[in-house]
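Line by line, the protein sequences are chains A and B. 1 is the number of the first residue of the first sequence in the numbering used here; add one for each residue after it. 1 is the number of the first residue of the second sequence in the numbering used here; add one for each residue after it.
You can take every hint at face value.
So the derived label-pair ranges between C-beta atoms look like this:
no.: 1; chain 1: B; residue 1: PRO69; chain 2: A; residue 2: ASP194; range: 26 to 32 Å
no.: 2; chain 1: A; residue 1: LYS222; chain 2: B; residue 2: HIS6; range: 39 to 45 Å
no.: 3; chain 1: B; residue 1: ILE61; chain 2: A; residue 2: ASN290; range: 45 to 51 Å
no.: 4; chain 1: B; residue 1: VAL47; chain 2: A; residue 2: ARG69; range: 19 to 25 Å
no.: 5; chain 1: B; residue 1: VAL47; chain 2: A; residue 2: GLY206; range: 50 to 56 Å
no.: 6; chain 1: B; residue 1: ALA125; chain 2: A; residue 2: ARG69; range: 40 to 46 Å
Chain A is faced by these chain B residues, among others (derived, beta-carbon under 10 Å):
no.: 7; residue: ARG17
no.: 8; residue: GLY18
no.: 9; residue: ALA38
no.: 10; residue: ASP128
no.: 11; residue: ARG145
Quick caveat, the hints were computed from the structure, so don't treat them as lab data. No residue lacks a Cβ here, since even glycine has one placed at the ideal position from N, Cα and C.
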Amino acid sequence: MPDEFDWQLLDRFLAGDASPAEVDQVRAWMSASPERRAMVEALRRDADSRVHVDVNAAWQHLAGRTVRRSRAEWWRNAGWLAAAAVVLIVGSTVSLRMLRKSGAAQQLSNSWQETAAPLGRRLTVTLPDSSTVVLNAGSSLRYLLPFDPAEREVVLRGEGYFTVRHDAARPFRVRANNVNVQDIGTRFVVRAYDAAPTTIVVVVEGAVGVAVADTRDTVVVKPGSLARVTANGAITTGTVDTERFTGFADGLLVLGNLTLAEALPTIERWYDVKIRLTDSSLGRRQLSANFRDEPLAGVLDALSLALDVDTRTDGRDVTISPRKQPK
Amino acid sequence: MESDDHLPLDLDDRLRRGDPAAFEMLFRTYYQPLCGFAARYADSIAVAEELVQDVFARIWIERARWPLPRNRKAYLFTAVRNRALNAGRRQQLELDWVDGELHDADPPATAESAIARHDDPAVHAELDRAITSLPQRCRLVMHLRWREGMSYADIADVMGISVKGVENQLSRGLRALRRAFGVES
Chain A
1 MPDEFDWQLL DRFLAGDASP AEVDQVRAWM SASPERRAMV EALRRDADSR VHVDVNAAWQ
61 HLAGRTVRRS RAEWWRNAGW LAAAAVVLIV GSTVSLRMLR KSGAAQQLSN SWQETAAPLG
121 RRLTVTLPDS STVVLNAGSS LRYLLPFDPA EREVVLRGEG YFTVRHDAAR PFRVRANNVN
181 VQDIGTRFVV RAYDAAPTTI VVVVEGAVGV AVADTRDTVV VKPGSLARVT ANGAITTGTV
241 DTERFTGFAD GLLVLGNLTL AEALPTIERW YDVKIRLTDS SLGRRQLSAN FRDEPLAGVL
301 DALSLALDVD TRTDGRDVTI SPRKQPK
Chain B
1 MESDDHLPLD LDDRLRRGDP AAFEMLFRTY YQPLCGFAAR YADSIAVAEE LVQDVFARIW
61 IERARWPLPR NRKAYLFTAV RNRALNAGRR QQLELDWVDG ELHDADPPAT AESAIARHDD
121 PAVHAELDRA ITSLPQRCRL VMHLRWREGM SYADIADVMG ISVKGVENQL SRGLRALRRA
181 FGVES
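Looking at chain A on its own, in the form it has when it is part of the complex (with noise of 0.2 Å):
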């Protein structure tokens, strides 16, 4: 526009999108005129003109108004429902619906609800829709209360076998590392630890969608198959023995065709013991075996059968070593 006025072109140039030669342009066409360049600087101080705020002193009030508050009721919430999962371990099943009724959950507006199994226990938790999830020892489920009907998520640290009420209209979703699950049937288990290096999700009824989190890689995984996701985000499948997988929620402590390092956090976190090994080539021997309702001290005896090792306990801590052999 040497002197034609191109309002689009004045645009791009106020707007920053014009390009090197357009921004010449405008300035060969401004220079031509003091009606021009006056207009033109006119809409700059326009467009540059700013209010000022003082950013930190409005965080620290909006913080008070809406970050620290959740915390401190977190905190609450949390404290409160520690007291509540030691009175009710022994029946081990925690009717959240039934807590949330109660005056002291009353308050827990828009917080996070957080429910672990203890190390040594399992934990069935009953949500408010009535979704089961039995929590392997050691493991932790979060979610928002209010929980929302028809946002049915929540976010799951560790092993848990999930029997989602389904209703097609409200998808129920699972989070656990760089995994989201969405439940498209009823059963199922996640198991994701943080130590471990991959996910795993197996299907028992109906169907899940596993999809990795910040990609649109997703696989739908059938009853009696199971997805692996890695760190990395990706993804196999295959059929399994689903019961090797859900057993945990009947009291069974499955140690099926693993290394005994492999083995390891999981009898750790079943027995709510430390275990250590003295010398670590012990760690490569192969067991499979499977426990139901076994003390600590049967599961030890028969390692120590079957891995030709000698076991001591003492209290929460177990040692185990290379068997002596007998003069």
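Fit chain B to the given chain A structure using the hints.
Coordinates of chain B only, in the frame set by chain A:
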């Protein structure tokens, strides 16, 4: 256009999970520009700040339903506009061009001498009056376009008008100013 605010990729997810750090980043990134926009609707900066803080407080309360917006910036500006319209008298806040008659921005009082001395900061206010006398809706579109650098499509979303409507506001505004400043052709 996707959000280009350089916030972490998982910010929306983290916000939904109730991560206070994610909420704070969102706030610090957008508070000032949103206040600048809200000030166009409000009588004072203090009122504008209150309005924007209310929007953020609402976002935190409803964070589980944070909608993973395609464009966070446009979404936040829309929220501020809606809040402003609800808080005020809707009609008064966004006066548009009067149909059927040519709306000319008021020329600067002593146009010729002012323009001749346009490098003098003292005459800026006089020249700026031509801009401030444009219809409010036109000024809001100009603000989103030239201060915030938004695309026509995003501005259309924020203002609840068509892309054609956005173009129309910008071209009418520029033409009116051209007359007010006595720019020939």
